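Make a model of the complete structure from these sequences and hints.
Residues per chain are reported as follows:
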Amino acid sequence: MLATMPEIQPVPTRMSHPQRIVVAQLQQVSKTFGEVKALRNLDFSVRAGELLALLGPNGAGKTTAVKLFLGLMRTSAGTVRVLGGDPIHAQVRTRIGAMLQVAKVPETLKVREHIDLFSSYYPRPLPQAETVAIAGLQEIKDRPFGELSGGQKQRVLFALALCGDPDILFLDEPTVGLDVEARRLLWEQIRKLVARGKTILLTTHYLEEADALADRVAVINCGEIIAEGTPSEIKARTCGRRIRCASNLDIGTVRAFSGVVEVRQDRDRYEIRVSEAEPVLRQLLERDSTVSGIEVSGAGLEEAFLALTQNSNCSSEPQMSGRQ
Amino acid sequence: MTMATSITTVITNALAPARPFRRTLSIYGKEAWFEFLTRLRLRAFSLSTIGFPVMFYVLFGLVLNGKEAAVNGTHFATYLIATYGTFGVMGASLFGTAAGLASERGLGWLQVKRASPMPPFAYFAAKVVMSMIFSTAVVLSLFALGITLGGVHLSAPEVAKLLGILIVGSLPFCAMGLAIGYFCGPTSATPIINLVYLPLSFCSGLWFPLMFLPKLLRDFAHLLPPYHLAQLALGVVGAGRQESAWTHWEVLIGFTLICLGVARVGFQRDEGKTYG
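Going line by line, the protein sequences match chains A and B. For the first sequence, position 135 (counting from the first letter as 1) is numbered 135 according to our numbering, and the numbering increases by one without interruption. For the second sequence, position 50 (counting from the first letter as 1) is numbered 1050 according to our numbering, and the numbering increases by one without interruption.
Hints may be right or wrong, so weigh each one.
Chain B is faced by these chain A residues, among others (derived, beta-carbon under 8 Å) [what the hints assert, rightly or not]:
1. Gln91
2. Arg93
3. Ala98
4. Gln101
5. Ala103
6. Lys104
7. Val105
8. Ser120
9. Tyr121
Heads up, simulated DSSO-like pairs for lysine-lysine below, C-alpha to C-alpha not over 27 Å straight-line [stated by the list, open to error]:
10. Lys1161/B - Lys141/A
11. Lys1113/B - Lys110/A
12. Lys192/A - Lys1113/B
13. Lys141/A - Lys1113/B
14. Lys1113/B - Lys198/A
15. Lys1030/B - Lys104/A
It should be emphasised that the hints constitute simulated quantities derived from the structure, not laboratory data. Predicted, not measured: the structure shown is a model, and the values here were computed from it. Quick reminder that beta carbons are idealized off the backbone N, C-alpha and C, glycines included.
The following block contains the structure:
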């Protein structure tokens, strides 16, 4: 069996628990839809007991990655392994829970009936009362699905993901479209699952959500992982700095300095967004002795995340990688 | 070194044993029961599925023709029980399978189910069983009306045989519904079913006995599956044309296989596709 496994490219291992075992893995996975390359040679692993957030803008390939993990699609190239098997097989999926984006759920069934049916698919489901308690559905378990609010509906879908007592859960944008209060409530429930030792892969396009929940974050853009690490590592990497100064250099020269993300000219001053301030300052001072009025400040979180994911428009050329 | 350990640990996770037969059976049962509840509570479906054939039967079979009229010697209200019974099971089957499938497939619910370990066949079987329950309800309503208000005389074996033929004969239309459900969007399914269902019923002689229709249509009817089911049903009440029952069954079986083939193409097309 070992001999038949394809050789795995080492994933940059800057994770919080390097000793943890891999429970789900995409190896050199590509997925194309006609002309569109949704995933390009994606390599990444989910480790037992962690909450990994797959963070990226819309269209980055998050949902495609989740669907591959659930066996809902086949790869164009590469392998998907979940708990040692191929999720195409229903037997592997008895240990997987899934929450997908769904436009319409049968509305006339009651919450407890939905849970009853989904529980029956799994060999060792949680007792219904427990599922209801974890997802916070006690008050609404006898209501038809169609009468629920947006947040309540998401919690029912969350209950369907966890009712089979799976080892690993894939949550595809669980809080999209929810108000702040409903989002925080769902976060609480997701944390309860982590506390029970479940492994969770969650996709989101909110940096705040990844920061609040995840042990580890993988930033995906245009079908590639462009950064990976703990939330604080990602923040350190994505945060970057902003340098403002007046200089005689032309904008092209400044843009060509290594470590420069973006340059804007604001009257006679440049606004330079950089990953790290010091190397750029060094180059700046070396090339222009007249540079003046230097200010260095931190860039905002969201803004910096955008900088990480924005500096490309998904061309077919391989991307500038944020990995160093 | 971490990779070496992770390779081994990835594979050592043993799979759960195969599902015992009893549990599989219980999934099928639950799936069908909840599918039935879903549809029963959806009044737009449950009332119209039973209401339309019943209403037509009352209008054409009971009100317009009285108790004395006859077609080729067969009591009119009895004749129309067979044809409106065919009309009713056809509607229950087409709407029961196609409308639900098209909407659940197009709006993401089927994917949620497919991501679970649900046996895929249970999903389709549930739609067919649910449709059959509604078909039974339609046929029994027609019997009740005909016998109480229409002066219809049917012996118990005739009732059982007619019901049996109509319910078994609903399967081709369940298959047709699955095919339509796989090739229609969530909003287009219902209009498309109506576009197929109503002309097909009329031309097969389900609304008025074929003898009232022009010869061209009478010949054309032989090409339509509902005509063959209606002839089998009429045979029970002694009003069928003198044609071989086997021919009718063969046409229905052939039609079922074609529809299942089309549905299978749709199923496979869906498997390799994403919805946004």
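Hints versus structure:
1. Gln91: Because about 5 Å separates Gln91/A from the closest Cβ in chain B, which is inside the 8 Å limit, the hint holds.
2. Arg93: Constraint on Arg93/A satisfied, holds at 4 Å.
3. Ala98: holds (4 Å)
4. Gln101: holds (7 Å)
5. Ala103: holds (4 Å)
6. Lys104: Since the shortest Cβ distance to chain B is 4 Å, the answer is holds.
7. Val105: holds (6 Å)
8. Ser120: The hint holds - Ser120/A has a Cβ within 8 Å of chain B, the shortest such distance being about 5 Å.
9. Tyr121: For Tyr121/A, the interface hint holds, since the closest Cβ of chain B sits about 5 Å away, which is under 8 Å.
10. Lys1161/B - Lys141/A: Violated - the C-alpha atoms of Lys141/A and Lys1161/B are around 43 Å apart, more than 27 Å.
11. Lys1113/B - Lys110/A: holds (17 Å)
12. Lys192/A - Lys1113/B: Holds. Lys192/A to Lys1113/B sits at ~24 Å (cutoff 27 Å).
13. Lys141/A - Lys1113/B: holds (20 Å)
14. Lys1113/B - Lys198/A: holds (21 Å)
15. Lys1030/B - Lys104/A: Holds: Lys1030/B and Lys104/A sit about 21 Å apart, inside 27 Å.
Of the numbered hints given earlier, the model fails hint 10 alone.
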